[in-house]
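Chains A and B are the protein sequences, given in the same order. Using the UniProt record's numbering, you'd call the opening residue of the first sequence number 1 and step up by one each time. Using the UniProt record's numbering, you'd call the opening residue of the second sequence number 1 and step up by one each time.
A couple of the hints might just be wrong.
[Unchecked claim] No farther apart than 27 Å at their CA atoms in a straight line, the calculated lysine-lysine pairs in the DSS-like style are these:
hint	chain 1	residue 1	chain 2	residue 2
1	A	Lys-201	A	Lys-2
2	A	Lys-329	B	Lys-329
3	A	Lys-331	A	Lys-181
4	B	Lys-2	A	Lys-2
5	A	Lys-2	B	Lys-201
6	A	Lys-331	B	Lys-331
7	B	Lys-329	A	Lys-331
8	B	Lys-2	A	Lys-201
Hints were generated in silico from the structure; no laboratory data involved.
There are 2 protein chains.
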Amino acid sequence: MKKLLNDPSEMVDEMVDGIVAAYPDHTRRLDDTNVIVRNDAPVSGKVGVVSGGGSGHEPTHAGFVGEGMLDGAAAGEVFTSPTADELSEMIQACDGGAGVLCVVKNYEGDVMNFDTAAEMAELSGVDTVEQVVVNDDVAVEDSTYTSGRRGVQGTIFVHKCAGALAERGADIEEVVRVAEKVIDNVGSMGMALTSCVTPEKGEPTFDIDDDEIEIGIGIHGEPGVERTELVEADAIAERLTNEVLDDVQPSGEVAVMVNGMGGTPQSELFVVNRTVQELLVDNGLAPWNTWVGNYMTSLDMAGCSVTILDLDEELMELLDSPTTAPAFKTK
Amino acid sequence: MKKLLNDPSEMVDEMVDGIVAAYPDHTRRLDDTNVIVRNDAPVSGKVGVVSGGGSGHEPTHAGFVGEGMLDGAAAGEVFTSPTADELSEMIQACDGGAGVLCVVKNYEGDVMNFDTAAEMAELSGVDTVEQVVVNDDVAVEDSTYTSGRRGVQGTIFVHKCAGALAERGADIEEVVRVAEKVIDNVGSMGMALTSCVTPEKGEPTFDIDDDEIEIGIGIHGEPGVERTELVEADAIAERLTNEVLDDVQPSGEVAVMVNGMGGTPQSELFVVNRTVQELLVDNGLAPWNTWVGNYMTSLDMAGCSVTILDLDEELMELLDSPTTAPAFKTK
Numbered sequence: 001m002k003k004l005l006n007d008p009s010e011m012v013d014e015m016v017d018g019i020v021a022a023y024p025d026h027t028r029r030l031d032d033t034n035v036i037v038r039n040d041a042p043v044s045g046k047v048g049v050v051s052g053g054g055s056g057h058e059p060t061h062a063g064f065v066g067e068g069m070l071d072g073a074a075a076g077e078v079f080t081s082p083t084a085d086e087l088s089e090m091i092q093a094c095d096g097g098a099g100v101l102c103v104v105k106n107y108e109g110d111v112m113n114f115d116t117a118a119e120m121a122e123l124s125g126v127d128t129v130e131q132v133v134v135n136d137d138v139a140v141e142d143s144t145y146t147s148g149r150r151g152v153q154g155t156i157f158v159h160k161c162a163g164a165l166a167e168r169g170a171d172i173e174e175v176v177r178v179a180e181k182v183i184d185n186v187g188s189m190g191m192a193l194t195s196c197v198t199p200e201k202g203e204p205t206f207d208i209d210d211d212e213i214e215i216g217i218g219i220h221g222e223p224g225v226e227r228t229e230l231v232e233a234d235a236i237a238e239r240l241t242n243e244v245l246d247d248v249q250p251s252g253e254v255a256v257m258v259n260g261m262g263g264t265p266q267s268e269l270f271v272v273n274r275t276v277q278e279l280l281v282d283n284g285l286a287p288w289n290t291w292v293g294n295y296m297t298s299l300d301m302a303g304c305s306v307t308i309l310d311l312d313e314e315l316m317e318l319l320d321s322p323t324t325a326p327a328f329k330t331k
Numbered sequence: 001m002k003k004l005l006n007d008p009s010e011m012v013d014e015m016v017d018g019i020v021a022a023y024p025d026h027t028r029r030l031d032d033t034n035v036i037v038r039n040d041a042p043v044s045g046k047v048g049v050v051s052g053g054g055s056g057h058e059p060t061h062a063g064f065v066g067e068g069m070l071d072g073a074a075a076g077e078v079f080t081s082p083t084a085d086e087l088s089e090m091i092q093a094c095d096g097g098a099g100v101l102c103v104v105k106n107y108e109g110d111v112m113n114f115d116t117a118a119e120m121a122e123l124s125g126v127d128t129v130e131q132v133v134v135n136d137d138v139a140v141e142d143s144t145y146t147s148g149r150r151g152v153q154g155t156i157f158v159h160k161c162a163g164a165l166a167e168r169g170a171d172i173e174e175v176v177r178v179a180e181k182v183i184d185n186v187g188s189m190g191m192a193l194t195s196c197v198t199p200e201k202g203e204p205t206f207d208i209d210d211d212e213i214e215i216g217i218g219i220h221g222e223p224g225v226e227r228t229e230l231v232e233a234d235a236i237a238e239r240l241t242n243e244v245l246d247d248v249q250p251s252g253e254v255a256v257m258v259n260g261m262g263g264t265p266q267s268e269l270f271v272v273n274r275t276v277q278e279l280l281v282d283n284g285l286a287p288w289n290t291w292v293g294n295y296m297t298s299l300d301m302a303g304c305s306v307t308i309l310d311l312d313e314e315l316m317e318l319l320d321s322p323t324t325a326p327a328f329k330t331k
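Whole structure, please, built from the sequences with the hints as guidance.
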């Protein structure tokens, strides 16, 4: 294993320090936790929007903490849910009196710990804690860590739209409504060329031959829908895009994310994006804005994912609202 | 070789299509070239700021095309300078009558072709073409493709400051002055854990053992200053930071970039950043803003670089001016 690490067991702790050290104007670390919150949290009278999950998916979620997006992000150990204690502390720290929305990716550990944390936070005096569960991965029903569909890159659009509406002073019912609207209209699917290598184990999470790829992979290396021979980028782009379109059934303007899994260079993502965009236009769709890069990764896995969000005027406006979150750039 | 590619010889062409397809509001492709320019180029009365170089370093340079940053970026074949013909076309397309500044990384092919292109553009009616050569890599004097020091990640700060000043309507002498100020005050140094694999060759550019790293590597895999055993991230961060500080000798507020070489996940870059920031503070410096991510890469190379820019009020203001360039986010 060749990684830029010190003691692998200290990776998450040191990473969280490194994140707040990079963005001290916008973020701070809650003492004795791996939780990062906005510097000005809680914002009085504003709905708090928080998220969290296992580490190894950076910039998810900490890179989306900032004005107009997330108030807080909790980092668990690598590919492991944050504890309910830490999630509860985050919810309390982001409660400005108008309630807190937890944006949860659909993994059993995350859902369970956020459930417990919500109860704990309410017992500690937070009036309203709401939860939305993102399940945008169209590849498979049920998976290694998941009942139902997995939550993946579409979560970032939930962060952005819910965070933008909360920043404008909307109440918690409205923020939940918009989060659910994004969840109802977004789909994603990924693939891998190589396995990731987790720091503590130091070995590939799964075996894959030099001439094989895995279609429909999860962001923790969970099995996809097909193990096939290495094919050209166009065939991969077509497969992912068509499966997402079949599910989302968009009709007009769409937001697009062509995401790298951590080990794939942007040059290759742009080659994939070329074909994704052609297919969208061929399907009568209008790509309104596109993000190409590493947004929700799987450590050093080589591979990509395609996310498509069916838009309306409200979602376009929210996606394009300003945010200081370092990992999200608007038009 | 496992990559998201179609025909490797078509990679740059397809990538350029994929870039303009991602950012159609801001960019367009010059016909029959691998040049990307601002959609509104040339901007009448504004100094044009352009750059270019071999492909394989994405998002450099095309990701920095946008209002307030670059007017144009030329993509050569992988690790190969763009042709003088294409560079000349770019200069002409970005000439709004106030002159054009070419920001060139110090590689012999780039410098030579930009020189020739400037002459060609002047013969074609561009009044003033100026050139600055960035040589921020403190690792080595003279290298495989370079006389003097190599130009690397500090180039992005040149793009930003020169582009911001040009956007405000400054004349070409002023834009050159600011570009030279950044060049005089910035230093970078990189390292690699693995070699990159070029698409057409399909094999590692250099051999490196499983327990070795290369300190001072170039962005094309050019030799660095030392081949050593794999050490901890802190030792790597200290080595790179201290060598850059020795060269730049900053005294107050600094801009920092902890850059990934393409195959290294952000989690590891943040571990490195933690130590970089501690060292800066220990040296009495004030990190004013920090960028952590993939900014100037070497295909799929695993590794990182550290860039430090000594700031004054003017440079801070220019770095923080708005830009629509997709790969650069201000505070």
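Exercise. Is Lys-2 (chain B) within 27 Å of Lys-201 (chain A), Cα to Cα?
Worked result: The given pair, whose Cα atoms are some 24 Å apart, holds under the 27 Å limit.
Exercise. Regarding the pair Lys-331 (chain A) and Lys-331 (chain B), is the alpha-carbon distance no greater than 27 Å?
Worked result: 16 Å, holds
For this session: Below or equal to 27 Å on CA atoms is what counts here, so check Lys-329 (chain A) against Lys-329 (chain B).
Result: With Cα atoms ~7 Å apart, Lys-329 (chain A) and Lys-329 (chain B) stay inside 27 Å; holds.
Problem set entry | Given hint Lys-201 (chain B) paired with Lys-2 (chain A) - CA-CA distance at most 27 Å | At roughly 24 Å apart (the allowed maximum being 27 Å), Lys-201 (chain B) and Lys-2 (chain A) satisfy the hint.
For this session: For the pair we were handed, Lys-201 (chain A) and Lys-2 (chain A), check the Cα-Cα distance against 27 Å.
Result: This hinted pair holds, its Cα atoms lying about 12 Å apart.
For this session: Take a quick look at whether Lys-329 (chain B) and Lys-331 (chain A) sit within 27 Å of each other, Cα to Cα.
Result: Roughly 11 Å between the alpha carbons, so the hint for Lys-329 (chain B) and Lys-331 (chain A) holds.
Exercise. When you check the alpha-carbon spacing of Lys-331 (chain A) and Lys-181 (chain A), does it fall within 27 Å?
Worked result: 21 Å, holds
Exercise. Holds or violated: Lys-2 (chain B) with Lys-2 (chain A), Cα cutoff 27 Å?
Worked result: 19 Å, holds
Checked against the numbered hints above, the structure violates none of them.
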